[in-house]
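Participant: Using the sequences provided together with the hints, build the complete structure.
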Amino acid sequence: MATEFDQTLDVKGAKCPMPLVKSRKAINDLTVGQTLRVLATDRGSVADFQGWVKTAKNIELVAQETVQENGTDLYVHYLKRTS
Amino acid sequence: MTTTNVPTTATTRTAAELYAALIQSQPLFILDVRNEEDFARWRVEGRAALETLNIPYFEFIEDEAAAVARVPRDRDILVVCAKEGSSEYVADILRNHGLNAAHLEGGIVTWGNLYDVRDIADNAAGRIVQIARPARGDVSFMIISDGQAAIIDPLRHTNYYLETARQAGASVTHIFDTHVHADHISGGPALAQATGAPYYVHAYDAIHPIDMLPAQMPYEHLQDGQTFTVGQYSVKVIWFPGHTLGQVNYLATAPDGQSYLFTGDGIFLKSFGRPDLGGKGETWTPILYESIYERLPQHIDDSTVILPSHFSLLDEDDGQGRFAAPYGQVRRQNDALVPRSKEEFTAYVLGNLPVFPPQYVEIKRVNIGLVHPTEEQAGELELGRNICALSQ
Numbered sequence: 103m104a105t106e107f108d109q110t111l112d113v114k115g116a117k118c119p120m121p122l123v124k125s126r127k128a129i130n131d132l133t134v135g136q137t138l139r140v141l142a143t144d145r146g147s148v149a150d151f152q153g154w155v156k157t158a159k160n161i162e163l164v165a166q167e168t169v170q171e172n173g174t175d176l177y178v179h180y181l182k183r184t185s
Numbered sequence: 071m072t073t074t075n076v077p078t079t080a081t082t083r084t085a086a087e088l089y090a091a092l093i094q095s096q097p098l099f100i101l102d103v104r105n106e107e108d109f110a111r112w113r114v115e116g117r118a119a120l121e122t123l124n125i126p127y128f129e130f131i132e133d134e135a136a137a138v139a140r141v142p143r144d145r146d147i148l149v150v151c152a153k154e155g156s157s158e159y160v161a162d163i164l165r166n167h168g169l170n171a172a173h174l175e176g177g178i179v180t181w182g183n184l185y186d187v188r189d190i191a192d193n194a195a196g197r198i199v200q201i202a203r204p205a206r207g208d209v210s211f212m213i214i215s216d217g218q219a220a221i222i223d224p225l226r227h228t229n230y231y232l233e234t235a236r237q238a239g240a241s242v243t244h245i246f247d248t249h250v251h252a253d254h255i256s257g258g259p260a261l262a263q264a265t266g267a268p269y270y271v272h273a274y275d276a277i278h279p280i281d282m283l284p285a286q287m288p289y290e291h292l293q294d295g296q297t298f299t300v301g302q303y304s305v306k307v308i309w310f311p312g313h314t315l316g317q318v319n320y321l322a323t324a325p326d327g328q329s330y331l332f333t334g335d336g337i338f339l340k341s342f343g344r345p346d347l348g349g350k351g352e353t354w355t356p357i358l359y360e361s362i363y364e365r366l367p368q369h370i371d372d373s374t375v376i377l378p379s380h381f382s383l384l385d386e387d388d389g390q391g392r393f394a395a396p397y398g399q400v401r402r403q404n405d406a407l408v409p410r411s412k413e414e415f416t417a418y419v420l421g422n423l424p425v426f427p428p429q430y431v432e433i434k435r436v437n438i439g440l441v442h443p444t445e446e447q448a449g450e451l452e453l454g455r456n457i458c459a460l461s462q
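Residue numbers (the working numbering), protein chains in the order written: chain A, 103 to 185; chain B, 71 to 462.
Careful, some of the hints might be misleading.
Distance ranges between label pairs, derived from CB positions [as the list claims (entries may be wrong)]:
1. Lys124(A) with Thr84(B): 25 to 35 Å
2. Asp112(A) with His291(B): 26 to 36 Å
3. Leu141(A) with Ala135(B): 29 to 39 Å
Keeping only pairs whose Cα atoms sit at most 30 Å apart, straight-line, the calculated DSSO-like set for lysine-lysine is [unchecked claim]:
4. Lys159(A) with Lys153(B)
5. Lys127(A) with Lys153(B)
6. Lys153(B) with Lys156(A)
7. Lys153(B) with Lys124(A)
8. Lys153(B) with Lys117(A)
9. Lys153(B) with Lys114(A)
These aren't lab readings, by the way, just hints derived from the structure by calculation. Treat the numbers as computed from the prediction; the structure is a model and nothing was measured. Cβ atoms here follow ideal geometry from the backbone N, Cα and C, with glycine treated the same way.
Facilitator: Below, the structure written as structure tokens:
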């Protein structure tokens, strides 16, 4: 079953640290309980987002998945604002 | 617009500058901003005194003031990340808070691929050149004499050997591996193809010890006691089984009698090569004992310069980035080489085996031509420092 989300942030092509910097800003713009879908091509974002949510105060990593898009890996992160 | 005369310090350091700073024991403080998992897998290592702190870059994004407060204000900070972006980002933050910070150009990937070329000896007989990959603790050598060049234990990036030979006006005549390596991909077969020189390895190592499959690459089999000539040097093969069954040492002797022993993963300057990477640690340990205590001393004396293919810590160098020491000194400084009975030795070895890196089985497959990784896969296989020595 597909994960539900409220907003999408496209950071394809952006390199570390920008996927995370932009995700932080986008989450600040969500209302509590909403979920952000992040589309990234930076492979390092997978482990970095997992580490980030451990220290971040108001974010839950709902899901992560890797999908193929035009022959390249696309890393999709679902982040929920919890407070 | 105003101009100031305040001197600016560099905001970046190259991997080569980092290595020079580590060798000179500059009071560097490394701030690694990768995630904890990547930091735990491998990091920049220098002398034992090197100070390193891991604060992932996202902690600077979450709570900038708290993260900055954990970084010492009175130090030269070098910020390191995987590729470069996050370290540049964090170094900027630190400078905005008044700290003295630079970032590593190209990130830890570039550090991992740094090669360092320097002479061990340069005299009438020719040159002994050390070609090291410091981040991995991997060391290889060239003997260059009278227009001929032999390469010992070449590493994966072959251009450094070809360029060193070219600059010396020498042609590559021999490519010697001391054994089939488990921790890194050998440049031997590729160099043989590029130069036409034969690639030498002992036949016992041309069988994968776990798969029990034969090599699928061209090589010349070595015999114990076989002798080669490289310019003015004679090079003798000394069979030294233990780390692998087919490991050899190469004893190069100059006309003036000075000798150099290329030990591979035989004896190191502060340890020796572990006998368990072939999956037969208990069986091979007594064989290693005979190589160290009985076979090798027949061929060398205390003045023989020991040149191993690994170090575990930068502290093993001579203070100037050369991983070489006379055998007499090695015997005194190497706790692993103190006289022991075979039973004591076996207990010591089997009690000090470090973790067995699972990728080492695959790297041996690569090194005998059973699998052919892409550049990216090769880089993944070679991530981090070697774990070929016994724990100390």
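Participant: Does each hint hold? Answer for all of them.
Facilitator: Status of each hint after checking the structure:
1. Lys124(A) with Thr84(B): 25 to 35 Å: Cβ of lysine 124(A) to Cβ of threonine 84(B): about 29 Å, so the range 25 to 35 Å holds.
2. Asp112(A) with His291(B): 26 to 36 Å: violated (58 Å)
3. Leu141(A) with Ala135(B): 29 to 39 Å: Roughly 31 Å apart at Cβ, these two residues keep to the hinted range, so it holds.
4. Lys159(A) with Lys153(B): The given pair, whose Cα atoms are some 27 Å apart, holds under the 30 Å limit.
5. Lys127(A) with Lys153(B): Holds - the C-alpha atoms of lysine 153(B) and lysine 127(A) are around 23 Å apart, at most 30 Å.
6. Lys153(B) with Lys156(A): holds (23 Å)
7. Lys153(B) with Lys124(A): holds (19 Å)
8. Lys153(B) with Lys117(A): holds (9 Å)
9. Lys153(B) with Lys114(A): holds (17 Å)
The structure fails to meet hint 2 from the earlier list, while all remaining hints are met.
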